[in-house]
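**Q** Chain by chain, the residues run as shown.
Protein chains: 2
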Amino acid sequence: MQKITYLEKPVYFESYSATGGFEEGRGPLGKNFDFIDNSDLFGMKTCEKAEAEMARINLNIALKKKNLSPSDLNVLVAGDLQNQCVASSGGLFTFGIPFLGLYGACSTCTEGLLVLSAMLSTSKTYTRGASVTSSHNSAAERQFRTPLEYGGQRAPSAQWTATASGAFILGKEKSHIKITAFMPGKAIDGYTKDQSNMGAAMALGAFDSINSFFKENNPDEFDLIMTGDLGHVGSNILEDMLREKITRYGTKLASLHNDCGLLLYDFDTQDVHSGASGCGCSASVLASFILPKIERGELRKILFLSTGALMSTSSVSQGDNILGIAPAIQIEYEE
Amino acid sequence: MQKITYLEKPVYFESYSATGGFEEGRGPLGKNFDFIDNSDLFGMKTCEKAEAEMARINLNIALKKKNLSPSDLNVLVAGDLQNQCVASSGGLFTFGIPFLGLYGACSTCTEGLLVLSAMLSTSKTYTRGASVTSSHNSAAERQFRTPLEYGGQRAPSAQWTATASGAFILGKEKSHIKITAFMPGKAIDGYTKDQSNMGAAMALGAFDSINSFFKENNPDEFDLIMTGDLGHVGSNILEDMLREKITRYGTKLASLHNDCGLLLYDFDTQDVHSGASGCGCSASVLASFILPKIERGELRKILFLSTGALMSTSSVSQGDNILGIAPAIQIEYEE
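Residue numbers (this note's numbering), protein chains in the order written: chain S, 39 to 373; chain Z, 39 to 373.
So here's chain S without its partners, still in its complex pose (with noise of 0.2 Å):
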């Protein structure tokens, strides 16, 4: 079993930015978003650079919306889905802050926002740092799968990869919204080889965390248990795991659980199938949709884990499973 780390001190969220495609700007959240290119090319000849731009423009807002400069942050923990995380290290490095890279995959920004609170608590010469996460459709889609042009039909299982960067700036002066609890995910077997079905693999890493998490916490203290980006196919294997494996919260568990991958796009209008993925997903519409609602108190408490699949496609190639993985963090409201 995992444990679990309450902070001492919670860490509180100063500022937080969403920024984002076409598709996301005409979506149920796009209104919400506080920057939208419908070029999906933020300026940039290729999708490639248009990510990087995408985050150097997202946590330039944070970081204005609370009237911050760049030498402010202590700290800078990012990551993304391409190939040596070179969107998030060639859009920031021209702040100038102290920076580290992740690769969590999916599941990254959960895992910066763990990792900033750990920095953060550690460190008294440091006031605040950023955790900033992107995805870009067409980089993962020519990276991952095939190029756009070449026009592959998708499997119904599949998922859409969000353009979307969510940038956050974590510090110690107080704000509404506070983490006061993490825990990474274990790399998990998700018995499946099917690159088309990100969902299942994901699903038995974030069954995982969350029977983890809640043997030492009562769910009916909870709002929110909200995934990254499991989409319909994966929040149906979780939930119906939920109720079948554990029987005294089981059906509490899946009741309160909702899936980032499930609100970013209006499932009658857009042709995203089992429905959002990527770096940018979970911190796009976790910057957008559910930080806005604990500032205002609509929510109290709730366990926050994006979701990860572990796989390249040479790992594939070479006959490895898919591996999901679910780092949590408890965010709550602060009166």
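Because the hints were derived from the structure by calculation, they are not lab data. You may find that some hints are simply not true.
Note: identical chains are not told apart, hence a pair may lie in one copy or across any two.
[Said to hold, decoys possible] The calculated EDC-like cross-link candidates involving lysine to aspartate or glutamate, where the alpha carbons are at most 20 Å apart (straight line), are:
hint, residue 1, residue 2
1, K41, D110
2, K41, E211
3, K83, D358
4, K162, E254
Use these hints to put chain Z onto chain S, whose structure you have.
**A** Chain Z alone, transformed into the frame defined by chain S:
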């Protein structure tokens, strides 16, 4: 300027292990490695899986040295150079230890020890964790440059990616080796796009970190400043910069400097051009050579900075410069 975090309570090296392949075994440090596989394949059929298996074997050795089992570890921090860091996740998930994936290119060893120190310092419930880093020459050549079978000629400034892994178990139980401070590096423009001259790109990152660290530390208290994999070219650039740009302490700092990439191979008998590189270089030299010296009291206080080149084949082909980064940890002898 970067802020240094001084740990209120130090974190201790409880165990460590170095594992490598043929070239590492016949190099000057080979006799100090804990495990050498002369086939470079570690029982696997591909070089990618060989790297994963090498990391798995290496963590097992580190656990065994201290008679620990995987369940004694509360968290595992790991990373490598393969796309999506699949050597780390694929090789280590079977341990079932809560997992945080990192990407810091060849700086991952120090970044991992830094993040693990923060996790252990923050968490009252954690007693120990592990940090594992690896690289594999054939996997890196195939992914970043050309498959070995192609037989491309290497430039004199090119380095040899080490087939090696370093595994470290840190904890709160006292030992003779402790981490007492850390500082993440800034991602610095290396002003080069030359993938055959990573040492030059990383030298600027290393200079920035060393310069920043010694603005508030006295080099006379240090026995060694150890960079990760600058090789001959990068080390010469760094030492020239230290002497020329830091008036007060520069000559002293340059005289304290050494580089893991200069120690792993014998330049007379091994055809490694500018020296060793890769995630596994600094990790295996730390575990096979430096930590034993500290444990015996031959070194009392050192600054250790693995160096990373943040780039990908796509970032370079799209015209981006290579970025250098050098996170730092201060390691001390304890009586």
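**Q** When the structure is checked against the list of hints, which entries are broken? Sort them ascending.
**A** none
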